[in-house]
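Next come the chains, spelled out residue by residue.
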Amino acid sequence: MVKKNRKFTKLMKKSGVKEHFHQPGTIPGTIIVDENSKPPSIFLIDYNQTDLIHKQISYPEECINYLDTNSVSWVDVQGLGNQDILQRLGQSFDLHPLILEDIVNMVERPKIEDYEDQLVIIAHMVVPNNNNGSFYGEQVSLVLGKYYVLTVQEEPEHDCFDGVRNRIDKSKGIIRCQGSDYLAYALLDAIIDGFFPVLELYGERIDDLEEEVIINPSQKTLQKIYQIRRELLQLRRGIWPQRDAINSLIRDGSELISPDVRIYLRDCYDHTVQLIDILETYRELVAGLMDVYLSAVSNKMNEIMKLLTVVSSIFIPLTFIAGVYGMNFNTEKSPHNMPELNWYWGYPLCLALMLLVATILLYSFWRRGWLSNSANLPREFHR
Amino acid sequence: MVKKNRKFTKLMKKSGVKEHFHQPGTIPGTIIVDENSKPPSIFLIDYNQTDLIHKQISYPEECINYLDTNSVSWVDVQGLGNQDILQRLGQSFDLHPLILEDIVNMVERPKIEDYEDQLVIIAHMVVPNNNNGSFYGEQVSLVLGKYYVLTVQEEPEHDCFDGVRNRIDKSKGIIRCQGSDYLAYALLDAIIDGFFPVLELYGERIDDLEEEVIINPSQKTLQKIYQIRRELLQLRRGIWPQRDAINSLIRDGSELISPDVRIYLRDCYDHTVQLIDILETYRELVAGLMDVYLSAVSNKMNEIMKLLTVVSSIFIPLTFIAGVYGMNFNTEKSPHNMPELNWYWGYPLCLALMLLVATILLYSFWRRGWLSNSANLPREFHR
Amino acid sequence: MVKKNRKFTKLMKKSGVKEHFHQPGTIPGTIIVDENSKPPSIFLIDYNQTDLIHKQISYPEECINYLDTNSVSWVDVQGLGNQDILQRLGQSFDLHPLILEDIVNMVERPKIEDYEDQLVIIAHMVVPNNNNGSFYGEQVSLVLGKYYVLTVQEEPEHDCFDGVRNRIDKSKGIIRCQGSDYLAYALLDAIIDGFFPVLELYGERIDDLEEEVIINPSQKTLQKIYQIRRELLQLRRGIWPQRDAINSLIRDGSELISPDVRIYLRDCYDHTVQLIDILETYRELVAGLMDVYLSAVSNKMNEIMKLLTVVSSIFIPLTFIAGVYGMNFNTEKSPHNMPELNWYWGYPLCLALMLLVATILLYSFWRRGWLSNSANLPREFHR
Amino acid sequence: MVKKNRKFTKLMKKSGVKEHFHQPGTIPGTIIVDENSKPPSIFLIDYNQTDLIHKQISYPEECINYLDTNSVSWVDVQGLGNQDILQRLGQSFDLHPLILEDIVNMVERPKIEDYEDQLVIIAHMVVPNNNNGSFYGEQVSLVLGKYYVLTVQEEPEHDCFDGVRNRIDKSKGIIRCQGSDYLAYALLDAIIDGFFPVLELYGERIDDLEEEVIINPSQKTLQKIYQIRRELLQLRRGIWPQRDAINSLIRDGSELISPDVRIYLRDCYDHTVQLIDILETYRELVAGLMDVYLSAVSNKMNEIMKLLTVVSSIFIPLTFIAGVYGMNFNTEKSPHNMPELNWYWGYPLCLALMLLVATILLYSFWRRGWLSNSANLPREFHR
Amino acid sequence: MVKKNRKFTKLMKKSGVKEHFHQPGTIPGTIIVDENSKPPSIFLIDYNQTDLIHKQISYPEECINYLDTNSVSWVDVQGLGNQDILQRLGQSFDLHPLILEDIVNMVERPKIEDYEDQLVIIAHMVVPNNNNGSFYGEQVSLVLGKYYVLTVQEEPEHDCFDGVRNRIDKSKGIIRCQGSDYLAYALLDAIIDGFFPVLELYGERIDDLEEEVIINPSQKTLQKIYQIRRELLQLRRGIWPQRDAINSLIRDGSELISPDVRIYLRDCYDHTVQLIDILETYRELVAGLMDVYLSAVSNKMNEIMKLLTVVSSIFIPLTFIAGVYGMNFNTEKSPHNMPELNWYWGYPLCLALMLLVATILLYSFWRRGWLSNSANLPREFHR
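Sequences listed follow chains A, B, C, D and E, in order.
Just so it is clear: in the first sequence, position 202 is 202 by the UniProt record's numbering, and no numbers are missing.
Just so it is clear: in the second sequence, position 108 is 108 by the UniProt record's numbering, and no numbers are missing.
Just so it is clear: in the third sequence, position 42 is 42 by the UniProt record's numbering, and no numbers are missing.
Just so it is clear: in the fourth sequence, position 91 is 91 by the UniProt record's numbering, and no numbers are missing.
Just so it is clear: in the fifth sequence, position 191 is 191 by the UniProt record's numbering, and no numbers are missing.
Be a bit skeptical, because a hint or two may be false.
Each pair may be met inside one copy or between any two copies, as identical chains are not told apart.
Dumping the calculated DSBU-like pairs for lysine-lysine here, alpha-carbon to alpha-carbon at most 35 Å [stated by the list, open to error]:
#1 K170 - K300
#2 K55 - K38
#3 K172 - K111
#4 K172 - K38
#5 K111 - K38
Keep in mind that the hints were calculated from the coordinates and are not lab data.
Just chain A, with the same shape it has in the complex (with noise of 0.2 Å):
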């Protein structure tokens, strides 16, 4: 009867468990590749302070003519879709088999991991999607040796390096005269950067809920608060162990950054932690929110029920006069029935007798404050 939703189990395949993971048993190392993947463009650019070669490559083995040169080059990898590709870039790159399988089955935490000469990292990077204030994530590989920086990333659509690219291009600011270590810095720091405007956007939806929530509370709102808070912790599962990454690179002190980079990496990390900050700060105004909700749901209980009880208060008892004098009892037999019916002012006594009772009624119903904001009070909340 019910369709699946999509957006839930969309978010969960991007960031998780589902199908990237392996049958327990399989051999370490193994690679696989997800079906649905595009298939895998290599991207070089090679710069040095005064030269600059952008470049695609067909075979991965191309690029090893590149690493051991003196100048910087900045291989990266868009899509995940060819195993054999896959396997012959690890070779080029002399990558342990245990790395390989971390950059290709993209289910990894966010990590470091150093091998002497080469230094890994995981990393998450997120893309605001402006369409429903939602994100694309996906992960990014980053390999860092004395002269060159794979990047491996599997959406070719979106990433956030086009400011780094564009700073290499036009030759703006240190980059081009600064080595691997500056590249590796410039890129994880575009990834950290990258999350701002999502954040941006979930504090705007969740500005947006405030007022709903309080206003017009619906099933749908409930829905949206939970659909953040679930997204939420989506990003917050991405950021905090990049800290962790961040941190252990600034103090492990690997021979492949130098002192200089590590200054910038620092800056890197308090923008992570202000992340966390603001992250944990809409975690809570979500949670805030459901109690909000849930407090404005009996509110507006309260507010029918008012209704009804007012309603009923005045009318039962108004009604069970009318019924009295709808008694049939024979006024002919005796005198002491129903003299009423027969009195000459019988009938407007009747009457105001009846609004008496309902003008006390209201009245300490208006005394209660019942009447005055039982039913436009989202009109007044505009302040």
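Place chains B, C, D and E on chain A using the hints.
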């Protein structure tokens, strides 16, 4: 009156306190055999790079010949239903009485014990139960010696070691070239990886519940949420200490584990951390679901109350009007006594008045939005 | 109007603050004897590998002869109702005044105190109370000397030491071959293991509550949940510090404890950690039960409201119709005044109209599913 | 319209922020005298093993003679209402301006400051207020010198030091044979022990609330729960830092404190930990009470709704039947128009029908158990 | 339909993410000038023990002369609206590009950065907003050099430094005799102390809410609670890292800070801890308020339902009785047909019956206590 909920009870037995604990004051090292447990079957796999022996063994003492040879021996004991055999097993492998107690009495939390020439790993193994989305759990004990690995499991019906057996048989990967420490790692890795499909089942159950809770929350939903919460707690008690155990395995530097295997264990540790990440996320999601459930039930109540209020508020005043003209004031005694009854258009005017009142009330309810979504929300929900 | 809930009060006295605390500013080391406490009985068990003496002692000073002999002496004091005897006991064992205060004033948290030639362990002992699923709790103090163990307990009626006494009497296990440190371990282990049957009782109570809360939640259920929560809090206050105490016992390396016994203590520590695991799981389950209770009560309210709404919504419109035709408009004055009253088929048509309205309403309620499960849910629940 | 709740405000003033804080940017070390504070009275007790001097002092400078003598001098200042005297006190005792500020401006959290020849302890002292089950709280500052202890308290009316004064006067215990460090310990111990009777009061209030919340939850109950929660928060802010302060007193090893006294301080530390245990237990209990309250209110609503539903469901159908036979269809126009009205047994049959309907409905309600416990639950509750 | 809630949005801008964050991939050290910011005004105060210069400076380069002289120079920059001036300021003070970015881009969390000859402190400054009980927040950056302090703030309208300016002008306290480190401390202390009046405002708002929530909970109350919760979250994000920053300032031992000033910083640190204590207490109180609100709303619903139930339960049976005697059974056809109608005392007896029923019902409601406190609770509440 009410039958016991078997599943709950079963789970608790599996993972914990009941039955297996010994009476206070019994001698430490006492082995208590569960009467329902199957008698132990002992399987031996002895291999090196070239040779491979598969064998079922009848008497524990038969193992002794294989333990000190240069080849790797994997002794797999399935079933715990015979105290005598277990005692002799302990003697054959020269196990400390406390270790034997830990292995047999299946109530231990995962842990690692380092006895100079033996490393004992107590772990929890889970196998997904596709019938109800839950899992079968049992304790597995690994004893790692210089040339052998002893594994003891209670339930012979299912384990996660088929992949490993397969790799040994078909000589896939590097397992045949490595020592007993690599075998122990491979088994431990299979145990850890065995949690992923179980968690995946829970991910699906949570997905299903998310829809159920918003669209059609019922008593059963509540029960399911609580059930998942409870089972995740069980899983958690299995995974968390496993992480600590593997961590201390990596750091404490027993001589039985070579540096190469230590790198693989780090990968295994990463998987455990990832499991915990997912598990904790699920736990938060389920906690959130409970809030959503409560809100959804309140919402439903609001809908019910709205309907009651709309119906009552419209018909109670109308009934009052009808009641008034059902009064029996004597129109002949006075011209003031209900002259309306004798009007030419009396009845049509009265009906018109009722219609007017009903229209005004309906309009005011419509303006408040009480009429639109009161009934068909569940059907509108399918996006 | 309301009688005091005795059980609550009793519990608090047992585990805590009331009565036993001394007035601010009293001299440290002051002994306060609880008037209701029984007078102390002193039991001596003196044993070595070959000999065994069982004896009840009248004067504390009698112990002194046994303390320095080579055999292990276990002096067990039961009851705290005589200040003079306690003072003399302190002198006989040469206890620091602060220790004696700790032992007698039963308000201490579990802890370990290391006085060069004596090791004082303050622990909590619990015994399951099968009448109400709760437990009796009391403080036990162990003083470990080179050749003796002194235990002091308040309540002579029950303790967990029978197993240990049995092992000494029957010379089971290795206890008769070991020193006083092993005896202290055996007693401590019996105390720790004594928590398992208590927790088992709570496991059963929680199982029962789980069904009650979903099938038939009532005021009493609420009270039971709160009661369990409270008692688990009590248990927790007893267990947590016990863990720390045992841990520091293992690590701090007093000379009174031999390395062999230290291994056994590690086992004891593992049991404590396991206890805490189970306890915290139970606490989470009970916290979850409270949420479930709240939801179940809301659900029940929904059922009640549904019934009210169905009944009201069907009969109020019908009563309105009846009311209309109960009006007294004069049909003779005008052909427009209630001509239906004079129709040949007037009454049957009116009844048919009522039937139609009722059918339509019932059908619409049926479509919403309000009729099916409103009443008999509890009976359907038994799976 | 609503008067300020004085108690709340009073509490906040006592324990915290209001009034005492100085303007941002004022000179550090500034003394602000609270106008409502009483003028300081200075009491001196000077004692050694044999002699004892009790004296009220007019000018702070009089103390100086006693400070350097071999006997222990306890200078107790009560009241803070005179800036000049306080300044001179500071000079007499040679206090650092920041210490004097801490002592006078009663807003500090408990802490310990070590100035080579002086040890400053800022503590919170509470005295139970038996009128309302709350407490009076104030700051006490202890300055420990080689031969003297200076204590400063705001409120002369009550403190917890009477026991200590008594022990000095009557030469009870070992206090007269010990130095100033023991005196400081004795005072600190009295302060800590002073929390127990306060917590005991809260234990009783929680006991009372437990019954009230289940048997008769009202608006007032809610207020009381919140009030206790708030006051426990206050207490907590006083106790927690006290623990840290005492701990650092034990560990940091100031030369002013002898090893013997350090053992006593360990006892004092244990008491603080125990206080925190009890306090946190109470906080959990109160948090649980809030949940229970919410559930109990929902339960009560259920009872109310049940009554409404029973009454409505029984009488609305009956009224409908009465309404039908109150219709005025003309029986003379047609034999089908309400022939029942002219039946010989019409009225009795109609009443019998009503009785039948009512009985069926009552029976169905009885089967659901709605009739039994709806009203008299509170009275049944007394077990 | 609904206007944006400005205050929320404003707050978020002030304290966080929006607008100021730079695009992912921009060059580190980029300065982004907020268009709405005011152009910078630069104020110089140069002083030593004897001399004092007050001066407004037009060009940043003018400062340079003062920086290396022996006197202390305080350069206070207010407003950030001119990129060129800020760049030149950075050059004049020889600031690292990353520092300048931190100072100008007002999104940083409080932190401390130690560059050998400069110490950079990023702090949050708040000023109470007495109009709405909230606060103005902005970032303040302090750069401490050997002979100078540079402060940069965005908003020229208000800061907390007037007290410090005053002390310098009037030569109050020891500030004129101390170096630049004391000035930095004094400014930091003023910033920290500036949080107290803000928290005091929140204390008052919480006091007010406590009454509102119990006496008259409405939709607005809910909004206020959420608003306070949100603002306290903001404050928290400002204070917590400030504590860490000051702590590392004390411990890390930069040479720019003398031991004397370090003692003062410890005082400053104590104040921060105290702020956090108060803040966390407030956060707990507000969380408690939300629970109280939910309970109070439920309570109110109970009152409403009670009224409805009382009115309905009394009048529905009465109306039924009236309905019975309004039936038209033909009394002439049979003596059994409603003989009551023809009784002599029929009508009075009927009224008496009604009165009896009403009395019984009222009495039973009164016994349940439903009549007493249903309406006038709010007025009774004023104690």
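A quick look at each hint next to the structure:
1. K170 - K300: Answer is neither; intra-copy 59 Å and inter-copy 60 Å both fail.
2. K55 - K38: within (20 Å within a copy, 47 Å between copies)
3. K172 - K111: both (30 Å within a copy, 29 Å between copies)
4. K172 - K38: Intra 32 Å, inter 29 Å, cutoff 35 Å: intra and inter.
5. K111 - K38: within (25 Å within a copy, 43 Å between copies)
Going through the hint list in order, the structure does not satisfy hint 1, though it satisfies all others.
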